[in-house]
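Position chains B and C relative to chain A; hints supplied.
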Amino acid sequence: MDLLEVLHLDELSHGLANLSMFPYFDMAHYIVSIMALREQPGVLQLSRVSPLACWFSSMLFCFGGAVLSAIMLAEPVVAPLSNSTSVLLASITWYLVFYCPVDLVYCCASLLPLRLVLTGMKEVTRTWKVLGGVIQAHSKYNDSLLVMIAIGWAKGAGGGLISNFEQLVRGVWKPETNELLKMSYPTKITLIGAVLFALQQTHYLPLKKHHLMLIYTVFTVVNKARMMLTGSSVSPFAAIESTIYKTLFSGHSSYAALTDEVEKTCMDKGAVNGTPSTKKSNEKGAGKHTPVSPVKGQSGSPKAKGESENAETKHSKKKN
Amino acid sequence: MDLLEVLHLDELSHGLANLSMFPYFDMAHYIVSIMALREQPGVLQLSRVSPLACWFSSMLFCFGGAVLSAIMLAEPVVAPLSNSTSVLLASITWYLVFYCPVDLVYCCASLLPLRLVLTGMKEVTRTWKVLGGVIQAHSKYNDSLLVMIAIGWAKGAGGGLISNFEQLVRGVWKPETNELLKMSYPTKITLIGAVLFALQQTHYLPLKKHHLMLIYTVFTVVNKARMMLTGSSVSPFAAIESTIYKTLFSGHSSYAALTDEVEKTCMDKGAVNGTPSTKKSNEKGAGKHTPVSPVKGQSGSPKAKGESENAETKHSKKKN
Amino acid sequence: MDLLEVLHLDELSHGLANLSMFPYFDMAHYIVSIMALREQPGVLQLSRVSPLACWFSSMLFCFGGAVLSAIMLAEPVVAPLSNSTSVLLASITWYLVFYCPVDLVYCCASLLPLRLVLTGMKEVTRTWKVLGGVIQAHSKYNDSLLVMIAIGWAKGAGGGLISNFEQLVRGVWKPETNELLKMSYPTKITLIGAVLFALQQTHYLPLKKHHLMLIYTVFTVVNKARMMLTGSSVSPFAAIESTIYKTLFSGHSSYAALTDEVEKTCMDKGAVNGTPSTKKSNEKGAGKHTPVSPVKGQSGSPKAKGESENAETKHSKKKN
Numbered sequence: 001m002d003l004l005e006v007l008h009l010d011e012l013s014h015g016l017a018n019l020s021m022f023p024y025f026d027m028a029h030y031i032v033s034i035m036a037l038r039e040q041p042g043v044l045q046l047s048r049v050s051p052l053a054c055w056f057s058s059m060l061f062c063f064g065g066a067v068l069s070a071i072m073l074a075e076p077v078v079a080p081l082s083n084s085t086s087v088l089l090a091s092i093t094w095y096l097v098f099y100c101p102v103d104l105v106y107c108c109a110s111l112l113p114l115r116l117v118l119t120g121m122k123e124v125t126r127t128w129k130v131l132g133g134v135i136q137a138h139s140k141y142n143d144s145l146l147v148m149i150a151i152g153w154a155k156g157a158g159g160g161l162i163s164n165f166e167q168l169v170r171g172v173w174k175p176e177t178n179e180l181l182k183m184s185y186p187t188k189i190t191l192i193g194a195v196l197f198a199l200q201q202t203h204y205l206p207l208k209k210h211h212l213m214l215i216y217t218v219f220t221v222v223n224k225a226r227m228m229l230t231g232s233s234v235s236p237f238a239a240i241e242s243t244i245y246k247t248l249f250s251g252h253s254s255y256a257a258l259t260d261e262v263e264k265t266c267m268d269k270g271a272v273n274g275t276p277s278t279k280k281s282n283e284k285g286a287g288k289h290t291p292v293s294p295v296k297g298q299s300g301s302p303k304a305k306g307e308s309e310n311a312e313t314k315h316s317k318k319k320n
Numbered sequence: 001m002d003l004l005e006v007l008h009l010d011e012l013s014h015g016l017a018n019l020s021m022f023p024y025f026d027m028a029h030y031i032v033s034i035m036a037l038r039e040q041p042g043v044l045q046l047s048r049v050s051p052l053a054c055w056f057s058s059m060l061f062c063f064g065g066a067v068l069s070a071i072m073l074a075e076p077v078v079a080p081l082s083n084s085t086s087v088l089l090a091s092i093t094w095y096l097v098f099y100c101p102v103d104l105v106y107c108c109a110s111l112l113p114l115r116l117v118l119t120g121m122k123e124v125t126r127t128w129k130v131l132g133g134v135i136q137a138h139s140k141y142n143d144s145l146l147v148m149i150a151i152g153w154a155k156g157a158g159g160g161l162i163s164n165f166e167q168l169v170r171g172v173w174k175p176e177t178n179e180l181l182k183m184s185y186p187t188k189i190t191l192i193g194a195v196l197f198a199l200q201q202t203h204y205l206p207l208k209k210h211h212l213m214l215i216y217t218v219f220t221v222v223n224k225a226r227m228m229l230t231g232s233s234v235s236p237f238a239a240i241e242s243t244i245y246k247t248l249f250s251g252h253s254s255y256a257a258l259t260d261e262v263e264k265t266c267m268d269k270g271a272v273n274g275t276p277s278t279k280k281s282n283e284k285g286a287g288k289h290t291p292v293s294p295v296k297g298q299s300g301s302p303k304a305k306g307e308s309e310n311a312e313t314k315h316s317k318k319k320n
Numbered sequence: 001m002d003l004l005e006v007l008h009l010d011e012l013s014h015g016l017a018n019l020s021m022f023p024y025f026d027m028a029h030y031i032v033s034i035m036a037l038r039e040q041p042g043v044l045q046l047s048r049v050s051p052l053a054c055w056f057s058s059m060l061f062c063f064g065g066a067v068l069s070a071i072m073l074a075e076p077v078v079a080p081l082s083n084s085t086s087v088l089l090a091s092i093t094w095y096l097v098f099y100c101p102v103d104l105v106y107c108c109a110s111l112l113p114l115r116l117v118l119t120g121m122k123e124v125t126r127t128w129k130v131l132g133g134v135i136q137a138h139s140k141y142n143d144s145l146l147v148m149i150a151i152g153w154a155k156g157a158g159g160g161l162i163s164n165f166e167q168l169v170r171g172v173w174k175p176e177t178n179e180l181l182k183m184s185y186p187t188k189i190t191l192i193g194a195v196l197f198a199l200q201q202t203h204y205l206p207l208k209k210h211h212l213m214l215i216y217t218v219f220t221v222v223n224k225a226r227m228m229l230t231g232s233s234v235s236p237f238a239a240i241e242s243t244i245y246k247t248l249f250s251g252h253s254s255y256a257a258l259t260d261e262v263e264k265t266c267m268d269k270g271a272v273n274g275t276p277s278t279k280k281s282n283e284k285g286a287g288k289h290t291p292v293s294p295v296k297g298q299s300g301s302p303k304a305k306g307e308s309e310n311a312e313t314k315h316s317k318k319k320n
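In the order they appear, the protein sequences are chains A, B and C. For the first sequence, UniProt numbering assigns the number 1 to the initial residue and increments by one for each residue that follows. For the second sequence, UniProt numbering assigns the number 1 to the initial residue and increments by one for each residue that follows. For the third sequence, UniProt numbering assigns the number 1 to the initial residue and increments by one for each residue that follows.
Chain A on its own, in the form it takes in the complex:
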C-alpha cells in the first residue's frame, strides 16, 4: 500500500508484526481482564466465599477465546491448561489482583495512567488473537470465509461470547443478556477485525498482512484510549450501524411503528396464547423472557431503576 510506504510506516508495521506477545502483553491482558472481572458486581464477595470459582472465572476471562474456539473446532478444551506458563502467569495475576496484601496491585493498576497503558497493551493482543484464529481456521477450511470470521471472532472476543456460562460459574444467571443480543464495543471491534483479516487472508482485501495489523492495532488502541479518557461509550460505528439497520432490517415499516403494532398484536394474541401470563410472571422472574419484554416489565417500576441498570451495564461493558 503506497500511502503507508510513503509515510515510511513499512518497517514499523514489520516491527509490530514481529512483536512477541509473551510475556508483557499477555500479562497486561491478564491484569486488565481480571480487574474487569473483579469490577463485576458481587465478585469481590465471591472471591472471599469461593476462591476456586473465582479462579475458574478468571481463567475463563483470560482464556475464554481459546476455550470457545477449541469447542468450535472440536479440539481439547483443556489445551489452554496445558500451557503451564500462561496459566501460572494468569493465576499469579489473579491472586495478586484479588488477595494482595493492602490490595496494593489493584490500587496501583487502577491509576488512570497505568490502566491506560495496560488497556492499550491488551488491545494489541486482540489483533494477534483474531489473526491467530483466522489463520487456524484458514488452515482447516481454506475457502470458507464464514468459518474464518467465526473462529477469529471467537478467539478475540471469546470471554464476552461465553459470558453467560462464565457467570454461571459464579452462580449468576442473566439469560436476558448476551453478546449476540446486545454487542458490547469489544465484541463489535473484534468482529470487524475478524472480517477484515478473513478478507485479507482470502485476498479479497488488497492489503499486506502487516499493514492491516498496524492499521487495526492503531485504530483499536487509539479508540479504546479515547473512550477511556472521555468516558464515553459511544461506538465509532453508531452512524454506519444505524444506516445499515435502516436500509436492511427496518423491513416493511419503520421500527417504532412496527414494534408498536407487533406489541398490539401480541397483546391481542396474548388473550389466546398466554402472553399475558408470561407478562405477569415477568415482574417476578424476568430471566425467562425476550430482551424486549423486561423493558416493558420495568416500565411500571421507577424510571431511576432502568437508568441505573443501563449505567451498570455500560459501566461493566466499559471495563470489559
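These are computed hints drawn from the structure, not numbers from a lab. From a predicted model like this one, the values you see are computed outputs, not experimental measurements. Take these hints with a grain of salt, some might be off.
To be verified - Reference listing, derived: stretches of chain B covered by chain A, where coverage requires no fewer than 3 residues with Cβ under 8 Å from a Cβ of chain A:
| hint | stretch |
| --- | --- |
| 1 | 44-55 |
| 2 | 77-89 |
| 3 | 160-172 |
Unchecked claim - No farther apart than 27 Å at their CA atoms in a straight line, the calculated lysine-lysine pairs in the DSS-like style are these:
| hint | chain 1 | residue 1 | chain 2 | residue 2 |
| --- | --- | --- | --- | --- |
| 4 | B | K174 | C | K224 |
| 5 | B | K188 | B | K208 |
| 6 | C | K224 | C | K188 |
| 7 | B | K224 | B | K208 |
| 8 | A | K174 | B | K182 |
| 9 | A | K174 | C | K174 |
| 10 | B | K182 | C | K174 |
| 11 | C | K209 | C | K224 |
| 12 | B | K182 | B | K246 |
| 13 | A | K140 | C | K140 |
| 14 | A | K208 | A | K224 |
| 15 | C | K140 | B | K140 |
| 16 | A | K140 | A | K182 |
| 17 | C | K140 | A | K174 |
| 18 | A | K182 | C | K174 |
Every residue gets a Cβ at the ideal spot worked out from N, C-alpha and C, and that includes glycine.
Okay, now just chains B and C, sitting in the frame of chain A:
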C-alpha cells in the same frame, strides 16, 4: 418385501432413494423452520432489535441437527458453516421471511396450500437427515445400536433437542420445558425413525433400505398433512404410548395414586428438607423447579392461564 | 514404602490394584448413584411423568464423569453409550430402582447395612475412575500436571460437576448452586485424589501406584462409612481448609470485616450502578444473582426457610 413389489412400488422407492434434497427440499426445510421461529412469541420484536441474534437463532433452527450431532461425535461445530451454499440459502430465506418488503414472502408462505406443500417437503428431508445420522454413526461405532439411534435422532430433531440453548440466544430461558421432558410430535416421529433405520442398518429389521425410506417418508408426510388440516395435535402413537406406559412405568401403584402419595410424602419430608421453601419461591421464579411443581404453582392463578399456556405450547409445537 | 511392606500390605495392595470393577463394583456405583438421583426432590414424580428424562438423568449420574472428560478432551460424547453392556446394566438398575413392583429393590437397597456396603463399593470405583482419567491425560499431555488433575477430577466427580445441566434435563435450574461455588464432600475427596495420583504419575510423589491406590481407597471408604454412620457431613479437611483459607485468601483484611465494607461500598456504588435494582429483584428471582446475595435476600424471610434449605442441600449432598 413382497407387498411393495406387488404394488409396483419398487421403482418408486428407488426413485425416492435417489432424490436429491438440494436445493428444493432444503429450501423448503429452511422456509418452514424459519417461519416456525418467527411464530415463536417475541421473535418478531427480536428480529427488529437484534438481527444478529435472530440470524443465529434461525441458523440453529435450520442446522440444529448438524450442530448437535457434531457435538456428540466430537466433530467441529463450525462444519455446517463451512458449507457456504447452504448457509447462504438459509440466510437469504431468513432475510426474506423476516425483512421482506410488504412482508410478501411470509404472507405467501403462510397460505395453507403452499404451507402444506412446504411442510410436506420438510418432512421428506427428515428421512434423509435421520438416515444420514444413522449411517454416519454406523461407520464409527458399527455395532452400537444406541449410538446409531442417538445420532440419527440428533440429526433429525436437533433443532428441538437444543431448543433451550437456541432460546438462550434470544434471551429466553425456559428450563422447565425441554424435549426430553415433554416430547413434541416431530421429536417422537424422528426417534421412531432413528430406531427403525438403526434396526434396518444392523439387519434386525428385514427390510430393504429404500423400501423403509418410502414407507417412513409417506407416513411422516401423510400424518403431518393430516395434523395440519385437522388442526389436531394428537399423536398417532397416543394409544401405544399409554399402553407401554401403563405396563412398564406405572410401577407398584397407579400413576394418580402414586403422585398423590408422593406429594404427601414430599410435604411431610418438606418440613425436614426444604420442599416448602422451594414451593414458596415457586410463585416467584418458576424457572428453578421440577416440571411438575409449576403446575401446582399455577393452580392458585386463574384457570384460564394454564389453558392458554397449553394452547401456546401446542400452537408453537404444531408449527415446529 | 517401607511401612507398607512391614505391615505385609504389599500383596494386598497388588491384589487391590488387579481388582476388576466390572460387574460388581460398577453395579454398586449405578445403584447408589441412581438412588441418590431418586432422593432428589421432585424426581419420583418426574419418573412417572417423563421416564425418558428420568433415564437420561440417571445415565448422567452414572456416566457423568465419562461424558465430562470426553467433552474436555474433545472425544465423542456418545462413546459411553457405545459400551452396550454398561449402559444395559445401568438401565436395568434405573428401571428396578424406579419402577420395580412393590418398590422392592429401592426398599432393600435403602437398608443401612446393604447401603453401607454398596456405598463402600462405589467409593472403590472412584479410585479407578480418577486414576483412569489421570493416565488418559498423561498419555496426551504427558508433562502437564494441571490437565491430569482436571481430567482425573472430571472422571471421578463428573456427575457432580455437571449437576446444573443434569438438573436442566429434569426441568430444574439452580444457577446459584454449583460444585465450584460450594464443593460437596465427594467433589473434594476426588480433587485430592486427582492431585495425589497426578503427582504420583509425574513422580513428584515417592510412592508406588498400588500403594497409593490402597491408601486412597481405604481412606475414602472408611471416611464415607464414618460419615454415613455418624450422619455428620463435616469434612475431615475442614481444619486444613480453614488454615489454607486464612493464610492465602483472607487478603488484606479479615473476611467478616471485608465483606461488610464490600457490602457497604456495593450499596454506595449501588446508587450509581444499579446494585439496588438487582437487590430489589433479588427477592423475586434469586436465580440471577451471586451466591452471596440470596442469603441476604432470604434474611427478610422466616429463618426456618434458610435452615430447611441448608438441610435440604446437605441432605442431597450426603446422598450424592
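| query | Taking 27 Å as the top limit, are the C-alpha atoms of K182 of chain B and K174 of chain C close enough? | reply | 20 Å, holds
| query | Has the given pair, K224 of chain C with K188 of chain C, been kept, meaning a C-alpha gap of at most 27 Å? | reply | 12 Å, holds
| If you draw a straight line from the CA of K209 of chain C to the CA of K224 of chain C, is it 27 Å or shorter? | Distance of about 22 Å is within 27 Å: holds.
| request: Decide if the proposed pair is consistent with the structure: K174 of chain B and K224 of chain C, CA atoms, cutoff 27 Å inclusive. | output: Between K174 of chain B and K224 of chain C the Cα gap is close to 37 Å, so the pair fails against 27 Å, i.e. violated.
| query | Keeping to a limit of 27 Å between CA atoms, is the pair of K182 of chain A and K174 of chain C held or broken? | reply | 25 Å, holds
| task | Confirm or reject the coverage of the stretch 44-55 of chain B by chain A under the rule of 3 or more residues with a beta carbon closer than 8 Å to the chain's beta carbons. | result | It holds, with 10 qualifying residues against the three required.
| Does the alpha-carbon distance linking K224 of chain B and K208 of chain B stay inside the 27 Å limit? | 24 Å, holds
| query | Okay, the stretch 160-172 of chain B and chain A, do three or more residues pass the C-beta test at under 8 Å? | reply | Contact hint for the stretch 160-172 of chain B vs chain A: holds, 5 residues under 8 Å.
| Within 27 Å, alpha carbon to alpha carbon, are K140 of chain C and K140 of chain B? | Given pair K140 of chain C, K140 of chain B holds - Cα atoms ~22 Å apart, limit 27 Å.
| said: With the threshold set at 27 Å, check whether the alpha-carbon distance from K174 of chain A to K182 of chain B stays at or below it. | reply: Between K174 of chain A and K182 of chain B the Cα gap is close to 25 Å, so the pair holds against 27 Å.
| query | Does K140 of chain A pair with K140 of chain C here, judged by a C-alpha cut-off of 27 Å? | reply | Cα-Cα ~22 Å, so holds.
| message | Can you confirm whether the C-alpha distance between K188 of chain B and K208 of chain B stays at or below 27 Å? | response | 23 Å, holds
Of the numbered hints stated above, those contradicted by the structure are hints 4, 16 and 17, listed in ascending order.
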